[in-house]
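Could you slot chain B onto chain A? The hints should help.
Read off the chains here:
2 protein chains.
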Amino acid sequence: MPAVVAAGLTKFGKRKEGVLELAAEASLDIVSKFAHEIDLVIVSNSYSGEFNGTSGLNNLVTTYLSMDNVPSFRVDNTSGSGGTAIAVANFMVRRFKRILIIGVEKMSERNTRQVTKVISSLLPEGERAASLPSLAALMAKLYMKKYEASRESIAQVAVKNHFNGALNPFAHIQKRVSLEEVLSSPVIAEPLRLYEYTPISDGAASLLIVDDQEAESFTDKPVYIKGVGMSSDTSYVTERQELTAIPSVREATAIAKREAKVDRVDFAELHDMATILEIVQSEEIGFFKRGEGWRGVMEGITELGGEKPINPSGGLNSKGHPIGASGVAQVVEAFLQIRGEAGQRQVKGARTGLTLSMAGFGNCSTVLILGDEP
Amino acid sequence: MPAVVAAGLTKFGKRKEGVLELAAEASLDIVSKFAHEIDLVIVSNSYSGEFNGTSGLNNLVTTYLSMDNVPSFRVDNTSGSGGTAIAVANFMVRRFKRILIIGVEKMSERNTRQVTKVISSLLPEGERAASLPSLAALMAKLYMKKYEASRESIAQVAVKNHFNGALNPFAHIQKRVSLEEVLSSPVIAEPLRLYEYTPISDGAASLLIVDDQEAESFTDKPVYIKGVGMSSDTSYVTERQELTAIPSVREATAIAKREAKVDRVDFAELHDMATILEIVQSEEIGFFKRGEGWRGVMEGITELGGEKPINPSGGLNSKGHPIGASGVAQVVEAFLQIRGEAGQRQVKGARTGLTLSMAGFGNCSTVLILGDEP
Numbered sequence: 001m002p003a004v005v006a007a008g009l010t011k012f013g014k015r016k017e018g019v020l021e022l023a024a025e026a027s028l029d030i031v032s033k034f035a036h037e038i039d040l041v042i043v044s045n046s047y048s049g050e051f052n053g054t055s056g057l058n059n060l061v062t063t064y065l066s067m068d069n070v071p072s073f074r075v076d077n078t079s080g081s082g083g084t085a086i087a088v089a090n091f092m093v094r095r096f097k098r099i100l101i102i103g104v105e106k107m108s109e110r111n112t113r114q115v116t117k118v119i120s121s122l123l124p125e126g127e128r129a130a131s132l133p134s135l136a137a138l139m140a141k142l143y144m145k146k147y148e149a150s151r152e153s154i155a156q157v158a159v160k161n162h163f164n165g166a167l168n169p170f171a172h173i174q175k176r177v178s179l180e181e182v183l184s185s186p187v188i189a190e191p192l193r194l195y196e197y198t199p200i201s202d203g204a205a206s207l208l209i210v211d212d213q214e215a216e217s218f219t220d221k222p223v224y225i226k227g228v229g230m231s232s233d234t235s236y237v238t239e240r241q242e243l244t245a246i247p248s249v250r251e252a253t254a255i256a257k258r259e260a261k262v263d264r265v266d267f268a269e270l271h272d273m274a275t276i277l278e279i280v281q282s283e284e285i286g287f288f289k290r291g292e293g294w295r296g297v298m299e300g301i302t303e304l305g306g307e308k309p310i311n312p313s314g315g316l317n318s319k320g321h322p323i324g325a326s327g328v329a330q331v332v333e334a335f336l337q338i339r340g341e342a343g344q345r346q347v348k349g350a351r352t353g354l355t356l357s358m359a360g361f362g363n364c365s366t367v368l369i370l371g372d373e374p
Numbered sequence: 375m376p377a378v379v380a381a382g383l384t385k386f387g388k389r390k391e392g393v394l395e396l397a398a399e400a401s402l403d404i405v406s407k408f409a410h411e412i413d414l415v416i417v418s419n420s421y422s423g424e425f426n427g428t429s430g431l432n433n434l435v436t437t438y439l440s441m442d443n444v445p446s447f448r449v450d451n452t453s454g455s456g457g458t459a460i461a462v463a464n465f466m467v468r469r470f471k472r473i474l475i476i477g478v479e480k481m482s483e484r485n486t487r488q489v490t491k492v493i494s495s496l497l498p499e500g501e502r503a504a505s506l507p508s509l510a511a512l513m514a515k516l517y518m519k520k521y522e523a524s525r526e527s528i529a530q531v532a533v534k535n536h537f538n539g540a541l542n543p544f545a546h547i548q549k550r551v552s553l554e555e556v557l558s559s560p561v562i563a564e565p566l567r568l569y570e571y572t573p574i575s576d577g578a579a580s581l582l583i584v585d586d587q588e589a590e591s592f593t594d595k596p597v598y599i600k601g602v603g604m605s606s607d608t609s610y611v612t613e614r615q616e617l618t619a620i621p622s623v624r625e626a627t628a629i630a631k632r633e634a635k636v637d638r639v640d641f642a643e644l645h646d647m648a649t650i651l652e653i654v655q656s657e658e659i660g661f662f663k664r665g666e667g668w669r670g671v672m673e674g675i676t677e678l679g680g681e682k683p684i685n686p687s688g689g690l691n692s693k694g695h696p697i698g699a700s701g702v703a704q705v706v707e708a709f710l711q712i713r714g715e716a717g718q719r720q721v722k723g724a725r726t727g728l729t730l731s732m733a734g735f736g737n738c739s740t741v742l743i744l745g746d747e748p
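Protein chains in written order, with the working numbering: chain A, 1 to 374; chain B, 375 to 748.
Okay, chain A solo, but in the shape it has when bound (with noise of 0.2 Å):
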C-alpha cells in the first residue's frame, strides 16, 4: 500500500509568481531533501495551455527544478485533476517507486469572464449557455424545495468554511465571514451568492508518493493510501437522473471505502466549489442520509469540533480552487490531520480521511482513503 511521506504548498490567492515559480515553490522542500531518490514526476494540471500560453508542463518543471533526469507527464481531470494523479500515482508506485506529485494551476493571467468561459470548455456543446456556477445554484434550488431545507443552512456551509479557512495560513480567504455577510453578499447565480463559490486562485501543491516497504525509511509518520475509488457519470448534467445527487461520489466513496477496509472516517475534504456541493457530497460518502446532509451543518457536526469535521482547511470556499493543485492539496490537507500537524485547526484524534476531488460536475469522481496505519 503506498504512502505519502513528505507534502509541500504554496500559499493560495491572487499571486505574482508563474506557473513554473509556482509548481517549484511547493515542490522545493520535497527536491531539496529527496531529488535524487525521485523515479517519476506528475504533474496534475488543466490550463497551462489555455491560462498560461504553456505546454509540455512537466518537462519544463522539471527542467525548472533541475531534475532533468526524470521522466514526467501530465494527467488532467479538470477540477478533480489531483485526485486522479493521486489515484494513477498509487497504481504506478510498484515500478516508480518514488513519485512526486505536483498540483499547480496559475489563474489569475486571465479574467473571470475569460477563466468562466475556458473552464465551461468542459461542458457538452448543447450545456455551454450554461455554467458551473448556474448549474450549483439550480442544484440548491432543487435540494431546498425536495427536502425543505433552510436556505441558511446552505450559507451556513461558507460560514463554517471561512471559519477554517481563517485558521489556514495557506488559505486564500483567511477571514471569518457571519451568515448575514454571506447572506447579503453579491448573488452569483440565484439563490446562490459571492461567499458561497470558490473564488479563483493560483497556487500548487506536492505530494511525495512512495512504496510502503520503504515508507518508513523516508519518515517514522507516514500516511497511507488505504483505499482508491473513481467512479464516472454523464457529462449531460441536465440529463442526469437527480440533480440533488451526485452517484459517481457514492460509488467512488464505496470502491475506496471496501478497498480501505475502512467503515468511518475522522474527517473529509470535499469539493465545495459551491456550498451546495459540500451538502450533497456529505450525503453521498455517508456522513449523512440522503436530504439530512443540511441539517448536519446547521447542528454543527461538520465543524471542527464536531462529530464529522468537512473541510478542515477551509475547502475549496475560502481555501480557493487553483484547478490542478486542489485534490492535491486536498491530500496535503490529510497529510498534516493524520500527522497531527495542522495546528490551530487539527481535528483531534484524526487517524483515518477521506477526500474527494471531482471533474466537471461530478463527470468524474475520485475517493481517497488515507490513515496513520497500511
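Rather than coming from a laboratory, the hints here were simulated on the basis of the structure.
Be aware that a few hints might be false.
[Said to hold, decoys possible] What the simulated footprint calls covered on chain B by chain A, stretch by stretch (three residues with Cβ under 8 Å from a Cβ of chain A suffice, anywhere in the stretch; the number is not a length):
| # | segment |
| --- | --- |
| 1 | 454-465 |
| 2 | 485-495 |
| 3 | 527-533 |
| 4 | 550-558 |
| 5 | 585-596 |
| 6 | 605-615 |
[As the list claims (entries may be wrong)] Taking beta-carbon pairs under 10 Å as the criterion, some of the chain B residues facing chain A (in silico):
| # | residue |
| --- | --- |
| 7 | His410 |
| 8 | Leu414 |
| 9 | Val417 |
| 10 | Arg468 |
| 11 | Glu499 |
| 12 | Ala619 |
| 13 | Ala628 |
| 14 | Ala733 |
Cβ coordinates follow ideal geometry from the N, Cα and C atoms, glycine included.
Using the frame of chain A, we list chain B on its own:
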C-alpha cells in the same frame, strides 16, 4: 504482462470531423464489441484546449461513446503523449483490468502558423524564438558535418517513408516521392525541406489493453507489451552536450530491452517528425552505431524488405502526426505487423517490434517493446 488485444485507427489527414467524432471513429469497433468490459478510458491528447476550445476531453469522449459509467482521464506529454499513455495503462492494468486508450488530435482547426506557435509553447521561454523544425535543421547540419553524412542520405528517409506510407490506407500522404522531388521541395528550415517534415494532421487511434491472464479470451493473437522504458532530458535543447544524439532515447531503449529480455527486434516505429530524427534515433535504439545510421538508409537496410525495417507504417513523415494520436498509432502498427495483418507493408516474419514516442525534442522518451509471446 499486459497485452494489446484490439486496435482501431482513423485515416490520418485533414478531416472534416471534430475531435470527439475522430475519437469515436477510432474506437467504434472496440467499443461495439467490448464496451461493457472496459474499466478505464485513458485519452492521449495534448492540445484540445488550444486547437479545439474543448477541455475535459476524456469525460466528453466517454459520454459520446455512451460509456458514462467508465472513469477516465487525459494523459499529456506533447508529441510523446501516446507512448506515455500506454506506459500508464501498462502499470494500471492490474487494477483496471481492461483499459481503452484513445489517442486523438484535431489540428486543422488552426492554420500552420498558429499550430507551430502552439507547439513551440512547449519550449522553455528562452528558446521559443526557435521551433522544433528549426532545431531539427540544426541537428541535420551538425550531423552531416560530424559524420560526413551525405545530404541525400537524410532525404532518402523521406523517400523510404513515403514509399511505405503509399502502402498504408490510413496514412495522410499516400504518395511516393523521388529523391529529386524531396530535394527540390520548398525549404522549411535550411537544409531540410517540405517532404522531410511531418504534415499537420487530424486523426485518432485506439487500443484495448488487458491483463495477460485474460488476453487470450479476447483474441487468439494477443500482442504483449514486453518492456516499457521512460527517460527524460533537459527542455533546453541548445544546452545539451551534443545535438547529434538524443540520450533519452538510448536510455529508454535500454530500460525497455532489459525488462523485455529482448536484445533485437524485427522492426521499429520511430518518431520521425523530421527525417534527420529517424537517423539519429535509429542509432540510439541500437540499429546502428553512432554516426552510421545514414549509411543504413543509403544501403536500404531500413526499407520494408531490408534487414532492419524502420517505420513500415510510413512514419510520422508520411502517415502524419496528430500529436496525441501518434504514439498510440505506432502501437496499432506494431499490433498489425506482429499479427501478420499489415497487408502490402507487412514486414516478413515480424514477431517483435519497438516503438518510440518522444515528447518535444527528446525531453521525454517512451520506448515499448512488443511481441507475440509474453
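Going through the hints against the structure:
1. Residues of the segment 454-465 of chain B with a Cβ under 8 Å from some Cβ of chain A number 4, which satisfies the need for three, so the listed coverage holds.
2. Under a criterion of three residues with beta carbons nearer than 8 Å to beta carbons of chain A, the stated coverage of the segment 485-495 of chain B is upheld, 3 such residues being counted.
3. Counting residues of the segment 527-533 of chain B whose CB lies closer than 8 Å to any CB of chain A gives 0, which falls below the minimum of 3, so the coverage claim is violated.
4. Against chain A, the segment 550-558 of chain B contributes 0 residues with a C-beta closer than 8 Å to a partner C-beta. That does not satisfy the three-residue criterion, and the hint is violated.
5. Check result for the segment 585-596 of chain B against chain A: violated, 0 residues qualifying (beta carbon to beta carbon below 8 Å, three or more required).
6. For the segment 605-615 of chain B, the stated coverage by chain A is satisfied: 6 residues place a CB nearer than 8 Å to a CB of that chain, which reaches the threshold of 3.
7. Restraint check, B:His410 versus chain A: the minimum CB separation of about 14 Å is more than 10 Å; hint violated.
8. Here the hint on B:Leu414 is kept, as its CB sits about 8 Å from the closest CB of chain A, short of 10 Å.
9. This hint holds: B:Val417 has a C-beta 9 Å from the nearest C-beta of chain A, less than the 10 Å allowed.
10. The interface hint given for B:Arg468 holds, since its Cβ lies 7 Å from the closest Cβ of chain A, which is under the 10 Å cut-off.
11. Checking B:Glu499 against chain A: minimum C-beta separation of about 9 Å stays under 10 Å; hint holds.
12. With a least beta-carbon distance of about 15 Å to chain A, the hint placing B:Ala619 at the interface is violated under the 10 Å criterion.
13. For B:Ala628, the shortest C-beta to C-beta distance to chain A is roughly 14 Å, which exceeds 10 Å, and the interface hint is violated.
14. Because the beta carbon of B:Ala733 sits about 6 Å from the nearest beta carbon in chain A, less than 10 Å, this interface hint is met.
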